[in-house]
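Please model the complete structure; the sequences and the hints are all you need to start from.
So you can see what is in the structure, the chains are spelled out below.
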Amino acid sequence: MRWRLGNGKRGTDVSNQVQSKRRMLLWVDAVGGFLVCLSPETTLGQALPASDVDIPLSADVSRRHAAIRRQSDEYVIDPWHPVFLRGHQVKQPTPLRDGDRLSLGESMEIEFRKPHALSATARLIFGSRHSTQPASDGVVLMGESLVMGPQAHNHVICREWANDLILFRRGNQLWCRTPGTIHVDGQTFEEEACLGPNSHVEGDDFSVSLEML
Amino acid sequence: MKFAYASGTHPLEGFTIKRGVGSGGFGEVYFATSDAGKEVALKRVQRNADIEMRGATQCLNFKHLNLVALFDIKYDDDGAGWIVMEFVSGESLRDVIDRYPEGMPRAEMERWFAGIAAAVAYLHRHGIVHRDLKPGNVFDDDGVVKVGDYGLSKFISGSRRHDQTESVGTFHYMAPEIGKGVYGKEIDVYALGIMLYEMLSGRVPFEGESSQEIIMKHLTDEPDVSGLPVAYRSVVSRALRKDPRERFATVAEMQAAVGIVPEQAQVATPRSVDVKPPIEHLGTVVISDDRSHPSSAADATVAGHRLQKNNESVTAEPVAQAVRDGGSRVLEWWRNAPQVLQIGSLICGVLLLWRLQGRWLFYIGMSFGVVYAIYFVIRVAAQAMSRASQPRGTPASGNTATPKPPRVARKPRVPWQQLARADLRAKTMVERFTELSGGLLISALVVGILSLVMLIVAGQPIDGSIDMFARFAWLAIVSMVGSWGVLVSCKFWEGESGEPLLRRFLLLGLGLLWGFGGYFGGDFLSVHFSPSGDQHGLTSASMMQHVYPESLFLVGGGPTLAAYLVYFGGLLAILRWWKQADPLRPNRFSLFATALTAIGASFLPLPLPWGPMVALTTSAAVQLSASWVPAQRRLELRRRSLQG
Numbered sequence: 001m002r003w004r005l006g007n008g009k010r011g012t013d014v015s016n017q018v019q020s021k022r023r024m025l026l027w028v029d030a031v032g033g034f035l036v037c038l039s040p041e042t043t044l045g046q047a048l049p050a051s052d053v054d055i056p057l058s059a060d061v062s063r064r065h066a067a068i069r070r071q072s073d074e075y076v077i078d079p080w081h082p083v084f085l086r087g088h089q090v091k092q093p094t095p096l097r098d099g100d101r102l103s104l105g106e107s108m109e110i111e112f113r114k115p116h117a118l119s120a121t122a123r124l125i126f127g128s129r130h131s132t133q134p135a136s137d138g139v140v141l142m143g144e145s146l147v148m149g150p151q152a153h154n155h156v157i158c159r160e161w162a163n164d165l166i167l168f169r170r171g172n173q174l175w176c177r178t179p180g181t182i183h184v185d186g187q188t189f190e191e192e193a194c195l196g197p198n199s200h201v202e203g204d205d206f207s208v209s210l211e212m213l
Numbered sequence: 001m002k003f004a005y006a007s008g009t010h011p012l013e014g015f016t017i018k019r020g021v022g023s024g025g026f027g028e029v030y031f032a033t034s035d036a037g038k039e040v041a042l043k044r045v046q047r048n049a050d051i052e053m054r055g056a057t058q059c060l061n062f063k064h065l066n067l068v069a070l071f072d073i074k075y076d077d078d079g080a081g082w083i084v085m086e087f088v089s090g091e092s093l094r095d096v097i098d099r100y101p102e103g104m105p106r107a108e109m110e111r112w113f114a115g116i117a118a119a120v121a122y123l124h125r126h127g128i129v130h131r132d133l134k135p136g137n138v139f140d141d142d143g144v145v146k147v148g149d150y151g152l153s154k155f156i157s158g159s160r161r162h163d164q165t166e167s168v169g170t171f172h173y174m175a176p177e178i179g180k181g182v183y184g185k186e187i188d189v190y191a192l193g194i195m196l197y198e199m200l201s202g203r204v205p206f207e208g209e210s211s212q213e214i215i216m217k218h219l220t221d222e223p224d225v226s227g228l229p230v231a232y233r234s235v236v237s238r239a240l241r242k243d244p245r246e247r248f249a250t251v252a253e254m255q256a257a258v259g260i261v262p263e264q265a266q267v268a269t270p271r272s273v274d275v276k277p278p279i280e281h282l283g284t285v286v287i288s289d290d291r292s293h294p295s296s297a298a299d300a301t302v303a304g305h306r307l308q309k310n311n312e313s314v315t316a317e318p319v320a321q322a323v324r325d326g327g328s329r330v331l332e333w334w335r336n337a338p339q340v341l342q343i344g345s346l347i348c349g350v351l352l353l354w355r356l357q358g359r360w361l362f363y364i365g366m367s368f369g370v371v372y373a374i375y376f377v378i379r380v381a382a383q384a385m386s387r388a389s390q391p392r393g394t395p396a397s398g399n400t401a402t403p404k405p406p407r408v409a410r411k412p413r414v415p416w417q418q419l420a421r422a423d424l425r426a427k428t429m430v431e432r433f434t435e436l437s438g439g440l441l442i443s444a445l446v447v448g449i450l451s452l453v454m455l456i457v458a459g460q461p462i463d464g465s466i467d468m469f470a471r472f473a474w475l476a477i478v479s480m481v482g483s484w485g486v487l488v489s490c491k492f493w494e495g496e497s498g499e500p501l502l503r504r505f506l507l508l509g510l511g512l513l514w515g516f517g518g519y520f521g522g523d524f525l526s527v528h529f530s531p532s533g534d535q536h537g538l539t540s541a542s543m544m545q546h547v548y549p550e551s552l553f554l555v556g557g558g559p560t561l562a563a564y565l566v567y568f569g570g571l572l573a574i575l576r577w578w579k580q581a582d583p584l585r586p587n588r589f590s591l592f593a594t595a596l597t598a599i600g601a602s603f604l605p606l607p608l609p610w611g612p613m614v615a616l617t618t619s620a621a622v623q624l625s626a627s628w629v630p631a632q633r634r635l636e637l638r639r640r641s642l643q644g
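Top to bottom, those sequences are chains B and A.
Numbered according to the numbering used here, the first sequence spans residues 1 to 213.
Numbered according to the numbering used here, the second sequence spans residues 1 to 644.
Please note: incorrect hints may appear among the correct ones.
[Said to hold, decoys possible] Stretch by stretch, here's where chain A covers chain B in the computed footprint (C-beta under 8 Å, at least three residues):
#	stretch
1	111-124
2	168-181
[Stated by the list, open to error] Every beta carbon over 12 Å from chain A, so not counted as near; a handful from chain B, in silico:
#	residue
3	Trp-27
4	Arg-69
5	Gln-71
6	Gln-89
7	Arg-129
Note that these hints are calculated values from the structure, not bench results.
Here a beta-carbon is modelled for each residue, glycine too, at the ideal position from N, C-alpha and C.
Below is the structure:
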C-alpha cells in the first residue's frame, strides 16, 4: 500500500491544502534527523503534551506563536505573539528572505534559509540552543521537492554522498529520485521510486528512512 | 554509510532506533529513543565484546561534565551487547578542525583543549587510560566539550592494526610505544599533543599515504613545530617526545604549560565544601562531584578572585572600622556622583584647604593621630591580657565565628583589560587622530577654567592688572602645553600596557622641552616667581634651597632655568602620566591621582604655589580630556572575558 498525501483523491494539488499536521521525520543515517512539513502553512508554538502545532518548540514561546505560510514561491511569517525580524517587531504578515533571522519570544532564534533558487523548499535552522519536540536537527518546509546531497545549496546537506537524492511530489504521492539503483523497503528500482509513509530508502552510499507523524 | 538496523526497528527492548550516527572502532552507534521518549545513543558492540563490556562496566558510573555519560549496558536477544549513552547532538572536533584549515581561533582552541584535558585528567585519576583520543571522539554538546569512546578495549592496537575497515586517520594520534604493547597514561598525553598541534595548525604533524608510513613517522620523525605559535611550540614538542618518560607526567602539567587553569571548563570542587555559584559570574558554574582526590592538582580549581575574607578581623578595631566604612561610603558616593559635582567638590576642597592654611589641619591631624595611637596601644594590650587569662582551647571572645569556606569563583581566562587593549590596538590612525583632536580641545577648555580658579585659590590679586593677565596666561599656556604633550604621547601608547622606563625617558625629554618653554614663556610675559613675594602657605624656598643645589636658585630664592628644567622634567618623568591618560583607568577622573600629582610637584624646585598649581591643572586637564572606555563597554568586555 502506498501512502497518500492529501485526502486520497488522485490529482489533488497538495500544496493548496491548508491542512495542518502533515509532517514527517526524515532520518538520514550518519547525517541527522529532520522534521519535514508538507503543508503550505505551518504553525509554530511551544511543545506541550496536547500541542497541535506543526513545529513544536522546546522553548519559552506561546502555545501558538506564529505561522509561516508559503504563497506561490514566497514565505510569509504571520505573528500571533512577539516575533522580531531584522531588529523590529513584526506586527503583520511579512515576507521572509533567505538568511533572515527570526526571534520568537525572548530566547528562541531561528534562521530562515531558502537555499535553492529553483525550489520553493525552505529550511529553518535553530540559532539558539533550542530544538523541536521530538528532537530534530532542523526543519524543512517542503515545496515541490526536497534535495539531499553534498552541495551547500541542498536542503539537507550530506557531505559524504556522491549524488543527490531528490524527494518530490507527484500527484499526491511522494517519490524519490537518484542516479543508479535504489532499494525501497526491500524492492529494487532504477532511478525513481514511489514511497510509503515509513519507507526505508537505500542507495550505494546512503540510507534514509521516513517516519510519518 | 550503511547500518545494520533501520529507522523504526527495535533490536533492543525498550528502545526504537531512529537513525545511524556513525561507526566506531567497536561497532555502530545509533540515535534512538526509549519508550518514554528519552533520547539516547546506542552503541552495538560487535568486536571483542567481552573485553569491551568489561571496560564499559568499569566506567559506567563516571560523572564528569566533559565525558559523554554512560547510562547502562544491555544485551539483546542474540546476546549482543549494547551500551546506552548520552546522545550528543553537536558537531565533532573533527568537523571544527576541518572548518579551519589554517588552525582554529585561539579562544576556541583553548575551550576545546580545556574540556578534553579536564575529561582525560578525570579518567586518569580513576585509573583509566582513554587509548583512543582523536578529534572524531570529541564533541560539542550545546557549548560543552564532551569526550566519548572511553573505557573501551585494552587491546586497541592489536585489533586496529589489522582492521581493514579502519581509516588511516586512526593512526595519526597513536603514540610510538603502542606498537610495543607496553604503555600507560602517556599515550593520552601524546594524543593530546597531536590534537593541540592539529587545532593550532589545521593539520596533524605526521601525515602519510599508508598506515605504515604514518607509524614510521611516529617512531622516527621529530614534529615540525615551526609553524605553530611560539607560545605552544615547547608544549607540543614535550607532549610528542618519543620516550614517554620525557612527556608531561600528568595532564595537569600539560594544562599548566598550555596556560589553562586546570578544570577551567567547569569548576570542580569536593562535594563536602558548600559551594555556592557566585551570582555575579555569567559563565555556567558546574559542580562536579569528584570526591576522590580533592587536593590533586587537576582538581585544584580556580582561585577565586573574590575570595571571602577569612575572619582576619576577629579583633576589628571599632574606630578604624568606622573610619574605613565612612571612607568607603565617601568613595562610593564619589564614584557615582556626576562629574560636575565631582569637580565642584574638588574645587571647594582645595579652596577650603588653602584658606585653612594647611598647617592647622596638619596640627589637628597630628593631635588626633597621637590620641589614637595611645588608645590603640592600650586596646591591644588589654586584649592580649584578656586572651591570656582565658583557659586554653576555648576561643577568645569575638573569635567565635567559625571560619567560612572560601567562595570559589570562576576565574576569567583573559582579563578584560587585555580584550580592551586589543580593541584599542585595532583603532585606525584616523579614529585615533579624531579622538586626540577632540581631547586636545577639551583639555584647552579645562585648562582655561582651572587656571583662573587656581589663581583665585592661590590668593593672587584678581585686579585686572597686566600682571594678573600675564600670570593667568603663563599658567594656562604652560599647563595646556603640558597636557597636550602627555595626551599626544599617551595616545600612541594606549594599545600597550607598556615599558615604564622607556616611557619615562621619553616623557623626561618632553618635560625638558616643556621647561624651556615655561622659562622663556615666563620671561616673555615678564612673570617672575620669588618666594619672598608670596606670603601664602608654607614657603618651600628655604627647604628647597637645602635639598637642591644652589645653582637652581637666584639670589632672592627665585628659580633659574635649571630649576625650571628640573621641575618640568621631573614632573613628567617621575609620575606615571600614561596611567592618567589610559582609556582603561578605573575612573575617568581620579581625585587621588590629581592630589598625588600636586603633592609630588610641591617637592620640585618651583616656588609655591606655582609648582603644585601647574601640576594640578595639567593632571586634571589630562584626565578630563583623555578618552575613557565607557562603563557599558567595560561590562561587555568583562562578560566576554568571563565567557572566554
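Hints violated by the structure (numbers, ascending):
Failing hints, ascending: 1, 2, 3 and 7.
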